[in-house]
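S.K.: Listed below are the residues making up each chain.
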Amino acid sequence: MADLISQIEGEIKGLKLKAQRQNVGTVVEVGDGVARIEGLSDVSYSELLNFGEGISGLALNLEQYSVGAVIFGDFTKIKEGAEVKTTGRILEVPVGEGLIGRVVNALGEPLDGKGAIKAKTHYPVEKIASGVITRESVNTPLQTGIKAIDALIPIGRGQRELIIGDRNTGKTTIAVDTIINQGNPSTRDARSGPVVCIYVAIGQKTSKIAQLVAKLEETGAMDHTIVVVASASDSATMQYLAPYAGCAMGEYFMDAGKDALVIYDDLSKHAASYRQMALLLRRPSGREAYPGDVFYLHSRLLERAAKMNKDHGGGSLTALPIIETQANDVSAYIPTNVISITDGQIYLEPDLFFAGVRPALNVGISVSRVGGAAQTKAMKSVAGRLKLDLAQFRELQAFAQFASDLDPETKKQIERGRRITEVLKQLPYSPVPVEEQVVALWVVTNGYMDEVEVEKVRDFEQRFIQAIKLKNKKVLSEIASKKELDEKMIKELEKIVKGVKMTKSS
Amino acid sequence: MKKSKLLQKTIIKLVEASFKDGKMLESQITRSIKLLKSLPKADAIRALSEYLKQLKRKERAHTMVLETAINLSPAQINRARKIIDKKVKITKVKVNINPEILGGFRLRVGDEVWDESLVGKLNQVKEVVSHGRFDQSN
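Protein chains in written order, with this note's numbering: chain A, 1 to 506; chain B, 1001 to 1138.
Everything labelled a hint here was simulated from the structure, so no lab data went into it. Check before you lean on any hint, since a few could be wrong.
Under the rule of at most 20 Å between Cα atoms (straight-line distance), these lysine to any residue pairs were calculated in the SDA-like manner [said to hold, decoys possible]:
{"no.": "1", "chain 1": "B", "residue 1": "LYS1034", "chain 2": "B", "residue 2": "LEU1055"}
{"no.": "2", "chain 1": "B", "residue 1": "LYS1056", "chain 2": "A", "residue 2": "GLU11"}
{"no.": "3", "chain 1": "B", "residue 1": "LYS1121", "chain 2": "A", "residue 2": "THR87"}
{"no.": "4", "chain 1": "B", "residue 1": "LYS1003", "chain 2": "A", "residue 2": "PRO284"}
{"no.": "5", "chain 1": "B", "residue 1": "LYS1087", "chain 2": "B", "residue 2": "GLU1059"}
{"no.": "6", "chain 1": "A", "residue 1": "LYS18", "chain 2": "B", "residue 2": "GLY1103"}
{"no.": "7", "chain 1": "B", "residue 1": "LYS1121", "chain 2": "A", "residue 2": "GLU9"}
{"no.": "8", "chain 1": "A", "residue 1": "LYS377", "chain 2": "A", "residue 2": "SER477"}
{"no.": "9", "chain 1": "B", "residue 1": "LYS1056", "chain 2": "A", "residue 2": "THR87"}
{"no.": "10", "chain 1": "B", "residue 1": "LYS1086", "chain 2": "A", "residue 2": "ASN23"}
{"no.": "11", "chain 1": "A", "residue 1": "LYS120", "chain 2": "A", "residue 2": "GLU11"}
Next comes chain A alone, as it looks inside the complex:
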């Protein structure tokens, strides 16, 4: 206690108090989290306003004589005629290591009851994205632990890859799997540890968020994760701010030369909350009642994801925005906007989901425009064949539905395709390490599963991996460290796969 008092005394002693010059205004209208203020002639766009009683706001509409502002906190406490002051600051959130493992709101305030956030640094919520000189092209893979993604739609650190699909198609599961996989020893970077993940929940049910946090805690992924929550019960302002706050938290790690991953779940709701704010601020509305700058809303957010070059720390911020479509309509306004901003998309299809293909990835429509450069040699060597086999399978599958008599070559290709599809299936929350992915895909693309029944493919895959772990674990660790598949390893794998086949037949 005495220490605290002496500390406070010390702080006050060094304080030079002087007359304050303030620019003030008067609230003329307040409601729905939005206030109209007369005065504030010196206010800047996006400046933080002080409404008194611990309530703050953000100046968003600067008009000739009045200012439109959004309010953080309980707007019912603000009365007409109340005095509002400018602060000369823009909105900032706490950033740093102290946030890891915590659940916070869009202002960086704790929601998990684990005490105050210990953060020495604050970052502005809105920031101009880093320029071209400071960046380098994507060159390191970000392993999601999902076979179909890591092989066919690889994501690189610093990339922006959209996850798009209808409701209940497994979009969040992909994001959560990716977070869990960052704790995987083979994914961890020896230099900087695991990729720090920031999960931003926008407009979701609190129960769903609680389930997700529980899952992350259960799998130990909270040790490298920050959860930013703006739930459905939070104001549109908080929902609007949450992704920018999450991005600022990620940027701190990027600036420190580390790798960070930020997931925006989801940007459709973010756009809807911005629309609500814009309509309340009486901004002119455009298509689907969204304001004219809804594209800039997302482009300025996603542009902040980057891979910095060595001279600028070499850190990265990868963004995985999520978009929920209505009735598979990817050509709607917000989906097309975000598709055009990102470096590729992972498209999830309800038909595949209900057919039991989970993750329900449509590998035909899904693309990754820059991630290929980041893929490891080992994965590239098996993924090339996989892509070809799958493309042929898709083409022949439709044709085979009508034709009863098929030549043996076509039949073989269809059967191979079925087995590949089976191998690419994966249970939720069980990401696979990259070396296991490589051997599983190697065994199926090289035809070693052609004689295994489709229903038993996954069982065979499991037995094969178990056999490698039992007989020659070194192969897996060598693939993980060397990141390539050489002749010696292939020979070893061939030997093991033959052994597994023998066990099966005996």
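Guided by the hints, dock chain B onto chain A, whose structure is given.
M.R.: Chain B in isolation, oriented as in the chain A frame:
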């Protein structure tokens, strides 16, 4: 849309003409009100309300409001007015006695407030102790 913009511009011009050296010109104001009253009824109501609002706003920009905890002598008030007069032409002075500011004074001209009150200083201390920084950019 065009019509309302034109009306807005006219009102701004009328307000500018209603002041000379920061002082209101009654004759000009009467003339402006007569002119606006001659407009169609709906436009006239809107225009008059906007005109009065802007008149008040303009007047406020030339009014000095001095808030103190105790009574000030006319000489003290005059001294404060002279200092402000160098920056903005002051035509009206209002003095409010507010014991809640505890000591010192608060001076307001238009949207600008100079806070030299004891409450203001205590708030600065509070801000530094709780957040480690000032709330205001001085």
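S.K.: The structure should be examined with respect to each hint, and the outcome stated for every one.
M.R.: Status of each hint after checking the structure:
no., hint, result
1, LYS1034(B) to LEU1055(B), "holds, 15 Å"
2, LYS1056(B) to GLU11(A), "violated, 44 Å"
3, LYS1121(B) to THR87(A), "holds, 16 Å"
4, LYS1003(B) to PRO284(A), "holds, 19 Å"
5, LYS1087(B) to GLU1059(B), "holds, 16 Å"
6, LYS18(A) to GLY1103(B), "holds, 14 Å"
7, LYS1121(B) to GLU9(A), "holds, 15 Å"
8, LYS377(A) to SER477(A), "holds, 15 Å"
9, LYS1056(B) to THR87(A), "violated, 26 Å"
10, LYS1086(B) to ASN23(A), "holds, 19 Å"
11, LYS120(A) to GLU11(A), "holds, 17 Å"
The structure is inconsistent with the numbered hints 2, 9, although it conforms to all the rest.
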